[in-house]
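**Q** Here is how the chains run, residue by residue.
Protein chains: 6
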Amino acid sequence: MTGREFDNKISKTIEDLSDPLTYNLVCHEHRLGEPLPSIPKLQRIIELVREIIFPGYFGNTSLRPNTTRHYMGVYVDELYELLSQEILAGMCFECIDEQVGRAKEYTIEAKETATAFIEYLPEIRRKLVADVNAIYLNDPAARNVGEVIFCYPAIRAISNYRMAHKLLELNVPLIPRFISEMAHSETGIDIHPRAQIGESFTIDHGTGVVIGSTTIIGNNVKIYQGVTLGAKSFPLDEEGNPIKGIPRHPIVEDNVVIYSGATILGRITIGKGSVIGGNVWVTQDLPPDSKVVQSRPKEITFTDGSGI
Amino acid sequence: MTGREFDNKISKTIEDLSDPLTYNLVCHEHRLGEPLPSIPKLQRIIELVREIIFPGYFGNTSLRPNTTRHYMGVYVDELYELLSQEILAGMCFECIDEQVGRAKEYTIEAKETATAFIEYLPEIRRKLVADVNAIYLNDPAARNVGEVIFCYPAIRAISNYRMAHKLLELNVPLIPRFISEMAHSETGIDIHPRAQIGESFTIDHGTGVVIGSTTIIGNNVKIYQGVTLGAKSFPLDEEGNPIKGIPRHPIVEDNVVIYSGATILGRITIGKGSVIGGNVWVTQDLPPDSKVVQSRPKEITFTDGSGI
Amino acid sequence: MTGREFDNKISKTIEDLSDPLTYNLVCHEHRLGEPLPSIPKLQRIIELVREIIFPGYFGNTSLRPNTTRHYMGVYVDELYELLSQEILAGMCFECIDEQVGRAKEYTIEAKETATAFIEYLPEIRRKLVADVNAIYLNDPAARNVGEVIFCYPAIRAISNYRMAHKLLELNVPLIPRFISEMAHSETGIDIHPRAQIGESFTIDHGTGVVIGSTTIIGNNVKIYQGVTLGAKSFPLDEEGNPIKGIPRHPIVEDNVVIYSGATILGRITIGKGSVIGGNVWVTQDLPPDSKVVQSRPKEITFTDGSGI
Amino acid sequence: MTGREFDNKISKTIEDLSDPLTYNLVCHEHRLGEPLPSIPKLQRIIELVREIIFPGYFGNTSLRPNTTRHYMGVYVDELYELLSQEILAGMCFECIDEQVGRAKEYTIEAKETATAFIEYLPEIRRKLVADVNAIYLNDPAARNVGEVIFCYPAIRAISNYRMAHKLLELNVPLIPRFISEMAHSETGIDIHPRAQIGESFTIDHGTGVVIGSTTIIGNNVKIYQGVTLGAKSFPLDEEGNPIKGIPRHPIVEDNVVIYSGATILGRITIGKGSVIGGNVWVTQDLPPDSKVVQSRPKEITFTDGSGI
Amino acid sequence: MTGREFDNKISKTIEDLSDPLTYNLVCHEHRLGEPLPSIPKLQRIIELVREIIFPGYFGNTSLRPNTTRHYMGVYVDELYELLSQEILAGMCFECIDEQVGRAKEYTIEAKETATAFIEYLPEIRRKLVADVNAIYLNDPAARNVGEVIFCYPAIRAISNYRMAHKLLELNVPLIPRFISEMAHSETGIDIHPRAQIGESFTIDHGTGVVIGSTTIIGNNVKIYQGVTLGAKSFPLDEEGNPIKGIPRHPIVEDNVVIYSGATILGRITIGKGSVIGGNVWVTQDLPPDSKVVQSRPKEITFTDGSGI
Amino acid sequence: MTGREFDNKISKTIEDLSDPLTYNLVCHEHRLGEPLPSIPKLQRIIELVREIIFPGYFGNTSLRPNTTRHYMGVYVDELYELLSQEILAGMCFECIDEQVGRAKEYTIEAKETATAFIEYLPEIRRKLVADVNAIYLNDPAARNVGEVIFCYPAIRAISNYRMAHKLLELNVPLIPRFISEMAHSETGIDIHPRAQIGESFTIDHGTGVVIGSTTIIGNNVKIYQGVTLGAKSFPLDEEGNPIKGIPRHPIVEDNVVIYSGATILGRITIGKGSVIGGNVWVTQDLPPDSKVVQSRPKEITFTDGSGI
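As you go down the protein sequences, you meet chains Y, U, X, D, F and L in turn. The opening position of the first sequence corresponds to residue 1 in our numbering, with each subsequent residue numbered one higher. The opening position of the second sequence corresponds to residue 1 in our numbering, with each subsequent residue numbered one higher. The opening position of the third sequence corresponds to residue 1 in our numbering, with each subsequent residue numbered one higher. The opening position of the fourth sequence corresponds to residue 1 in our numbering, with each subsequent residue numbered one higher. The opening position of the fifth sequence corresponds to residue 1 in our numbering, with each subsequent residue numbered one higher. The opening position of the sixth sequence corresponds to residue 1 in our numbering, with each subsequent residue numbered one higher.
Simulated from the structure, these hints should not be mistaken for lab results. Among the clues, some could well be false.
Copies of the same chain look alike in the list, so a pair counts if it works inside one copy or between any two.
[Claimed, not checked] The list that follows gives simulated cross-link-like pairs (lysine-lysine, DSS-like), each with its CA atoms no further than 30 Å apart:
#1 K291 with K127
#2 K9 with K104
#3 K166 with K9
#4 K41 with K272
#5 K104 with K41
#6 K127 with K12
#7 K166 with K272
#8 K244 with K272
#9 K104 with K12
#10 K127 with K104
#11 K298 with K41
Model, not experiment: these values are computed from the prediction.
Could you build the full structure based on these sequences and the hints that come with them?
**A** Structure (structure tokens):
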């Protein structure tokens, strides 16, 4: 291949890739001066919230009783600035052209939303303290609360969920979903920010857990790794697209335990106090205090002599 | 422990660890001047391809209509250089000693392979646009295409797969596998680059999905988290080693849906239009339009009074 | 909202967040001068051990036969310093107030523990060489040993496990758990450092694997992604807290194979040579050479016409 | 010192440091949402301009003839965004409270100024090409033009000066001074951005060169390290403050050479073609073609026997 | 050169370089666990002090009236920890073997010294406010105090000097000198931390300024770039080594101005109110209100026709 | 300004900047695959050499007697790889088109040159030990040798010079000059790598020192800040370009001391044992043991009442 052939091939490809017809659907067009969501800033936001909620565990701090207030002040201040920016970026990301002129209103709205979120932080801490305590009490392998906060992926996933859920309630676009996915990538736990989850919630190990967007979970629920609270099917509209916003995920009442790998699909209700064994497939309502497990496996003899 | 005792222990251990007999099998001996695969460069390659395919979403860019061509040109240029280096590194990694002298031929081959990959980028974009669209239409929780591209791990996993698959077709060693594993670590979705996957492919949530190396998947297939398309067993050669390259993973035909946690093993065929329920174990062919679910779970009464 | 209102809201929130009553349970109070566990240092420790065990694969080195000893010396030296610090940090993290004065004894103990760990490195290498070999022989898709070491998440998870297990045997607090979680986040494989695992251990793909703290695994065992070796239930003490330290996870004997998604719970024994099919739920002992698979799925006809 | 004493001392100091009376003069009060000048962004701006002017020398690029246009496009685009931000930050830095509401006008003005600067880049390149050529021809030690561009601090200082000077002409506050100081710190050459410097300007070595704000330099001037073109004294106003804006630095006409360490002070004129020897002190006009050197040093005999 | 020859040459060199006889004088032997001075930590210390002294100018902060106290608290806290560590590192660096056992006393002493330094910060701020004001009033080119703080290298050099001087008064070894050199490298201004400098001190431009260790400078002194306040000669002891600690640098009384490039050597006194012209060489006392300038340069005719 | 006007202006400027006629002289055209000199790699090379020469002072090491050899081995190994690359990059930078095909020969030559440099390291250490010792003995303010190595800019400048000088002797293009400029930027000391400098060389403070390319300096010479050893003038060839390679800088014989700010120009000889006072201008030979100082400054009365 000569240099010229090479150049021609590359140039031709650049032309092809620059043809708007090929990328129209998958291109995000940037408006001048408009902020883009920033992954490093979102990571810092999550880190700040974790450090505010669990003082002394995250961040690079040396918290002591008489320094706590200073750190809280500085963390909240930094959080406010970053969150305002990212909320604004989320709003711009989804806005359509005729909304572009409203930059100033958007900026004010973003700051008010950030303030409302910050005001809610004490309530988030109250809930997470209960979650931490529940996880600690539910795991004989946990030596102390500190180990739970520091090492358990569930805490990271539930923290991000409680943050993202509040931001969604405050009508912030895109950012809540992003925060959920960051926990998903870090822990393998995928909780949709729209799900409603009660108090003292426990996830153990957690890899592969999926909690869909219209799920409702009561108090004192415990679920293990690989549990799916999903949608069985969903109605399509006249054009064949899924209809948005219809409840299609389970309701899990108080004090339910769901063992690893169970798949629970559709808008069904798992009655309070139920125990669901691992690897079962549940698509119908279960009354309170149900205990269901998989049918007994069958013993077999292999005929091909090489494993299973 | 005195300082001398300490020094002796440490020195002794260093000696032990430096004994070639103990590391022969697990050592990669570097030849002077030979490039090693570089994880940061591979990460940059993936980032570049994502930004080229989905303009304006990844990277740190401010894409606008009249800047697109410039960005495409610069991204392709950087991609070309990095990819040539990493392909060469992959070739060197697997080459045996008598091939070492062929550095120059290898370099030329690496550049030609990188060029061929770049020429294929428009086709990768075409396929990924279809994948994005399929995912968007299949998920009522998705608010817009942008959210899918920006937040959905499936897009990251499928992008890496389509990249890695092409590189494997171009006979690049090691690098395709590495690119797959980077998506695996990031998303929990493990697609072997040798698998053959059709168009408009959807993965939802995705953690725990495994798609083995000889799998063949048709068009419009949708799979959920935790689905395994795996090998049941494999024949051994006379020395007891597994025989490489024998088809041993499923064929999944067009329009199949597989719910979470299903395990489908062996060179069997799932007929087109079939729906596989969650958590089932399938090791035999299914005719088209099959619908299978797990046997109904049994209700039990616990005798030990403590959960399950 | 005026600037003053904003300031009042933020100030009020900072006051609330600084109230010790709200964070007592979830605060780690730092003692002046006491080291905190450092995630970057722990990551470096893991990287160093990987590079020492598998010379030439990790780190930024250009290992050649006559440079190996130098690199081993420098890596061991850096490992010693970092590990001493992190062991000390782990000890301080869990110590209670009356132990604080013992900084000097703790420092000496931390160094001795680090030395003992380093002396054990040749044995860790011996075991990991066997694990690598087993994984290579068990996977027809693996082209060579190098690909296994470089790309397979199982190697990362098992390396961290073998490291963390030894540190736990040496009574290091917190750090072993942290090292496990780092592999868990990276690979989706969650092995408790207290588990006992034999030689030539194979995990394939691995996402979602959970191996509980009192599990005992024999030699030549192979498990696939999504397998849980967990606890079924656990007795509570008089105050309703779980009793710590009771064996509650399975014993898996030599030469067992467990396919993806199987859930095996409680202190039961899976007899040697058994094969467990995917997605089964096992809560009772299995004799040697058992082969169990899930009951055959049932075929169904969907009445709602929309999937499943 | 007890812990309490320590805490009291530190707390007392924090109180003192937080007393506005002690920092009023030296505090920059930040208005919410207002951008601060960013040193990393300014460094990137300088890097981008250097790379645009001297293609292929700076930045991380692999410029080739058919990639130049793409790189220029991307660099200019990035420069435009960063420069708009920093110009705005400079405007905000100096604005007084009643101007704060004008954020939108400021934003538009900042963008227009950035555009005007970019339009001037070809002229900056034309001037710098002449400067490079002059430096090359004036230094027998320079092997080629590339060495001059890559290694000579004068190029860095003059580039920054020509950039900063244009920004000052465009009425950008603060930022031009900052850009000058970055070159000053890097090279020891301190050129005030307000100085007027002609074409084909040469500085050799350069450490310690100072060119004051009202200096006027003609074409083909060459100065060596340590040369000061400074102000002798300046009139004070009625309150004893220096009166701003009065010409108080030298005029250096075409083709002048000034050797190292010469100090030339006040609004005097060094006539064209003059040569000023090293270390002289000049405070009066010199006619064209003057040649002045320091008085001959005197020989001495030391009486203290220890050096000088 | 064969591979073996190469290896031999390199190995031989490593042997030579490892021979203690060749590096005895220039080796710093590290004691296990002993902290080394850390340049990044010292840079952070300097940044913190600058941000504490000049709130809102340095660091990445968004200071507002009601956040100042929080930031002061957090900065002081971080400063305390880092400074304690670096003071300890400085003490260890110079300690001789028999002092090694005193780690605990050293640690306490380091913390007390750090506390004493922090208590002195308000006084450092008071002095630097006066310096800033003096520089602003002395430079017609300065537009406002903010520009002086943000851009003028003199502020960086004088800040570091006032910091380092206090640390030296507190008997901290090595670290003060290091802090001085960091300003020297950044600004070209070299002030020995032992020098005594009065209030309202001004340096303009500053590159090349040297202020020796026994210099004494009064109030309201202004010096320009390239000024040396140095030692003329120094007595040797019986072994020919310089005798340490003898006053050997100038005393510069109040209200003196020294123009660029002047060299003032030896323990002489420049009487108050004097003005020293540029480039002069002064080695004898000057009475108050002296005005001295260099002898008039001579005009010459060049005979070689080529410049000077 | 409308968006379209803006786009037109920017596009027009990009066109102008992409016109090869405007950048021909100042463009470095990159050949595919050819390495560019890398500033971070050169910085690492300098750091490695400093750490090899002065064990325990630079880098992040914890050198102890029984770890020295390991560190030397690893540092030399890393140095070899980086230096080979940078030497090759320097060779490519200056090569003209017809030389491009010789990549392989160039690579071999670069490696041999790197080896030769490494073999010379013990001699560089021997010389630098003498320099350190001389500086320590010459400065009453130095408390110990460690302070000199750690803090004195002269050591950094002389180290880089001795490195760069050897590389120039080995005919490495560009890189030696770059290494000199890195020290120049860091310290303000500008020593041309071609200069010849004897043993036990001392520079005090150093900012502004310039030592030209054909300078020859004997043993035991000491120079202060701001000293220029420069060229007075240089003959031009027939086309008016300076003739390269003609001796035009001073010869400074053994045991000479030159005080701050002295300017010594041309191919003159400063006889051994001479002492040159500060700020003098010397353009003629001085016999051995000369002592020259500036003419006595004159006292003046200012007529304008405002300083000088």
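**Q** Each hint: holds or not?
**A** Verification of the hints:
{"no.": "1", "hint": "K291 with K127", "in the structure": "within (28 Å within a copy, 42 Å between copies)"}
{"no.": "2", "hint": "K9 with K104", "in the structure": "between (46 Å within a copy, 22 Å between copies)"}
{"no.": "3", "hint": "K166 with K9", "in the structure": "between (51 Å within a copy, 17 Å between copies)"}
{"no.": "4", "hint": "K41 with K272", "in the structure": "neither (40 Å within a copy, 45 Å between copies)"}
{"no.": "5", "hint": "K104 with K41", "in the structure": "both (22 Å within a copy, 25 Å between copies)"}
{"no.": "6", "hint": "K127 with K12", "in the structure": "between (57 Å within a copy, 19 Å between copies)"}
{"no.": "7", "hint": "K166 with K272", "in the structure": "within (26 Å within a copy, 42 Å between copies)"}
{"no.": "8", "hint": "K244 with K272", "in the structure": "both (28 Å within a copy, 27 Å between copies)"}
{"no.": "9", "hint": "K104 with K12", "in the structure": "between (43 Å within a copy, 27 Å between copies)"}
{"no.": "10", "hint": "K127 with K104", "in the structure": "neither (35 Å within a copy, 40 Å between copies)"}
{"no.": "11", "hint": "K298 with K41", "in the structure": "neither (53 Å within a copy, 49 Å between copies)"}
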